[in-house]
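Asks: As a plain string of letters, each chain reads:
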Amino acid sequence: MKPSLSVSIGGLVMSNPVGLASGTFGYGSEYDQLIDVDSVGALYTKAVTIEPRPGNPAPRIVETPSGMLNSIGLANPGIESFLAEKLPELRLRRCAVVVNVAGSTEEEYLEVVRRIESAAGPGIPGGSGADAYEINVSCPNVRHGGLSFGTDPEQVERLTRALRDITTRPLIVKLTPNVADIAEIAKAAEAGGADAVSCINTLVGMVIDVGKKRPVLAMGKGGLSGPAVRPVGVACCYRAARTVRIPVIGLGGIMGADDALQYFLAGARAVQVGTGTFVDPRCALRVLEGVEAWMSANSVARVEDIAALLED
Amino acid sequence: MKQFDAEILENRPIAESWRELLLSWDEGAGEPEPGQFLTLRASSFSDPLLRRPFAFSGYTGAPSRNGLPAKSASAPWRATASLVYQIRGGATRLLSELAPGSRVDAIGPLGRGFGFPDADETPVIAGGGIGLGPLLFLAAAIAERAMAERAAVEARIAPLVALGFRSASLLPSIALPEGAVVCTDDGSAGFRGTPVDWISHNAPSGKTRLYGCGPLPMLAALAELAAERGWPARLSAEQWMACGVGACMGCALARAEGAGYLRACADGPVFDSTAIDWRARP
Numbered sequence: 315m316k317p318s319l320s321v322s323i324g325g326l327v328m329s330n331p332v333g334l335a336s337g338t339f340g341y342g343s344e345y346d347q348l349i350d351v352d353s354v355g356a357l358y359t360k361a362v363t364i365e366p367r368p369g370n371p372a373p374r375i376v377e378t379p380s381g382m383l384n385s386i387g388l389a390n391p392g393i394e395s396f397l398a399e400k401l402p403e404l405r406l407r408r409c410a411v412v413v414n415v416a417g418s419t420e421e422e423y424l425e426v427v428r429r430i431e432s433a434a435g436p437g438i439p440g441g442s443g444a445d446a447y448e449i450n451v452s453c454p455n456v457r458h459g460g461l462s463f464g465t466d467p468e469q470v471e472r473l474t475r476a477l478r479d480i481t482t483r484p485l486i487v488k489l490t491p492n493v494a495d496i497a498e499i500a501k502a503a504e505a506g507g508a509d510a511v512s513c514i515n516t517l518v519g520m521v522i523d524v525g526k527k528r529p530v531l532a533m534g535k536g537g538l539s540g541p542a543v544r545p546v547g548v549a550c551c552y553r554a555a556r557t558v559r560i561p562v563i564g565l566g567g568i569m570g571a572d573d574a575l576q577y578f579l580a581g582a583r584a585v586q587v588g589t590g591t592f593v594d595p596r597c598a599l600r601v602l603e604g605v606e607a608w609m610s611a612n613s614v615a616r617v618e619d620i621a622a623l624l625e626d
Numbered sequence: 474m475k476q477f478d479a480e481i482l483e484n485r486p487i488a489e490s491w492r493e494l495l496l497s498w499d500e501g502a503g504e505p506e507p508g509q510f511l512t513l514r515a516s517s518f519s520d521p522l523l524r525r526p527f528a529f530s531g532y533t534g535a536p537s538r539n540g541l542p543a544k545s546a547s548a549p550w551r552a553t554a555s556l557v558y559q560i561r562g563g564a565t566r567l568l569s570e571l572a573p574g575s576r577v578d579a580i581g582p583l584g585r586g587f588g589f590p591d592a593d594e595t596p597v598i599a600g601g602g603i604g605l606g607p608l609l610f611l612a613a614a615i616a617e618r619a620m621a622e623r624a625a626v627e628a629r630i631a632p633l634v635a636l637g638f639r640s641a642s643l644l645p646s647i648a649l650p651e652g653a654v655v656c657t658d659d660g661s662a663g664f665r666g667t668p669v670d671w672i673s674h675n676a677p678s679g680k681t682r683l684y685g686c687g688p689l690p691m692l693a694a695l696a697e698l699a700a701e702r703g704w705p706a707r708l709s710a711e712q713w714m715a716c717g718v719g720a721c722m723g724c725a726l727a728r729a730e731g732a733g734y735l736r737a738c739a740d741g742p743v744f745d746s747t748a749i750d751w752r753a754r755p
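Those protein sequences? They're chains A and B, same order as listed. Using the working numbering, read the first sequence as starting at 315 and increasing by one per residue. Using the working numbering, read the second sequence as starting at 474 and increasing by one per residue.
You may find that some hints are simply not true.
Which chain B residues face chain A? A few, computed with CB under 7 Å, are given here [unchecked claim]:
hint	residue
1	Ser-519
2	Leu-522
3	Val-718
4	Met-722
5	Ala-732
6	Gly-733
It should be emphasised that the hints constitute simulated quantities derived from the structure, not laboratory data. Note that beta-carbon positions come from the ideal geometry of N, C-alpha and C, so glycine has one too.
With the sequences and hints as input, model every part of the structure.
Replies: Structure representation (structure tokens):
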């Protein structure tokens, strides 16, 4: 029996459940020479903000045990350049394109989405260059917005509702694990009208250079990703999936098919590969192959049937 | 740029904590230019996690220039590359333990290279420490071009090469470019002082193009020297990288003018000396 890999997120049908996480894949073209990008289920773009952002001073990254710490600071060319240069390329993609949106005020998020709505046209999946939005309320590396939104349920609900009013495209709210209970924030996103939540964004971390007696990253702290955070991601996903009815998209440290299957068993409808792509650009496609083989071997017909197999 | 499996032919110590790695693979990834690099994954485990970048210090491809087919199915041409590296942490330690016959996952060639001097320019090459790696490739490629163009150019100008080391005991056992001046901090071999000192006293008066690779303070000094003398200069920078292909924005270097950053991996690693703020905190 050949399993069906397609999944639906807020009406957007993805050909398979494996996506490429925001911030790890640019806007897609960087990896075109290395893998068939269109074979993934979804490409989540680097965050887009209203103004161009140069990003944080260097050093921005440092390797940690089974992970890495980054403090990129949402470096991106801004909405103007995104619409002129990136959106036309994204329209040619055969995979779903989810535009990651960030801002330092509620109005900035709204303005990015308004600008894309008017450029991308009505919310018809496929060929618009923006099939859905992922709302980044969880970036630990910017002074305003980011985490300060994502840790406050009221703000998450209000922002989600305001965005819901201006778009019919699926809204995915990306959650931070840097909270006491991720379920509260997931509920707030659902109450505001989100179609899905993705979890997790990075964990706040710091590495200190003992010789220099100062943090290695220029900004001091950064966001931890990679296999080191996987158990945190799986637990957050498990908690969120048992709290909300909307789909949960799992990410955090997925390097192979078994890692993705942990997320599916924990209740995720889809997954994203992030840091794994840096290590091996073919990671997402290997994950996809492995998940399909596992589903065949275990006679699982659909991705959403995997969660029910968890014995807990 | 391609991702491919490379076979280790040799992995030999050339100085205290320095190694030369010889790699071979079926051609098809493309021919690297001096200054370009590969990323290697030293292990399939999650710690160390990220790939590491290594500049090419030499490359031999297929003899396709002789009019032979570049490749045949039965006997594909093998590309051979040399990479000079320093054991700095877990990943390079693991790499140093890989024996001939082992295979490593490679991506390359990546980044932008040094380019070549104009026919009427004297190339001046300055290296510091392990930064000599890509300069070995550059000096060899300049010499090869000089040979090829000898018919067209009456008197091709030989490059001036100055390579700096801490002391004589750290000199690598590797062939240095012909006529290279060895500089040591303590005067235990060759010129006592830095390559920047040597070049500022021995530089040619005519048209000159400067190339450099080494620690950041040296690159800053080379950029200042180039500005003083009005030389165009191409300098190779180093920065921590995650992806190596331009996606992650991790390997930022501050621009010389205005706000903003350039990516060491995709905009560099070799930059015009005027493009980067070499005095910014690394």
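Asks: Run every hint past the structure and note whether it holds.
Replies: How the hints compare with the structure:
1. Of the supplied interface hints, the one on Ser-519 (chain B) holds, with its beta-carbon coming within about 4 Å of a beta-carbon of chain A, less than 7 Å.
2. Annotation: interface hint on Leu-522 (chain B) holds; nearest CB of chain A at approximately 6 Å, less than 7 Å.
3. A distance limit of 7 Å between C-beta atoms decides the matter here; for Val-718 (chain B) the minimum to chain A is near 5 Å, and the interface restraint holds.
4. Against a cut-off of 7 Å between C-beta atoms, the interface hint on Met-722 (chain B) holds, since the closest Cβ of chain A lies about 5 Å away.
5. At a threshold of 7 Å, the smallest CB-CB gap from Ala-732 (chain B) to chain A is about 5 Å, leaving the interface hint in force.
6. With its C-beta approaching chain A no nearer than about 4 Å, Gly-733 (chain B) sits inside the 7 Å limit, and its interface hint holds.
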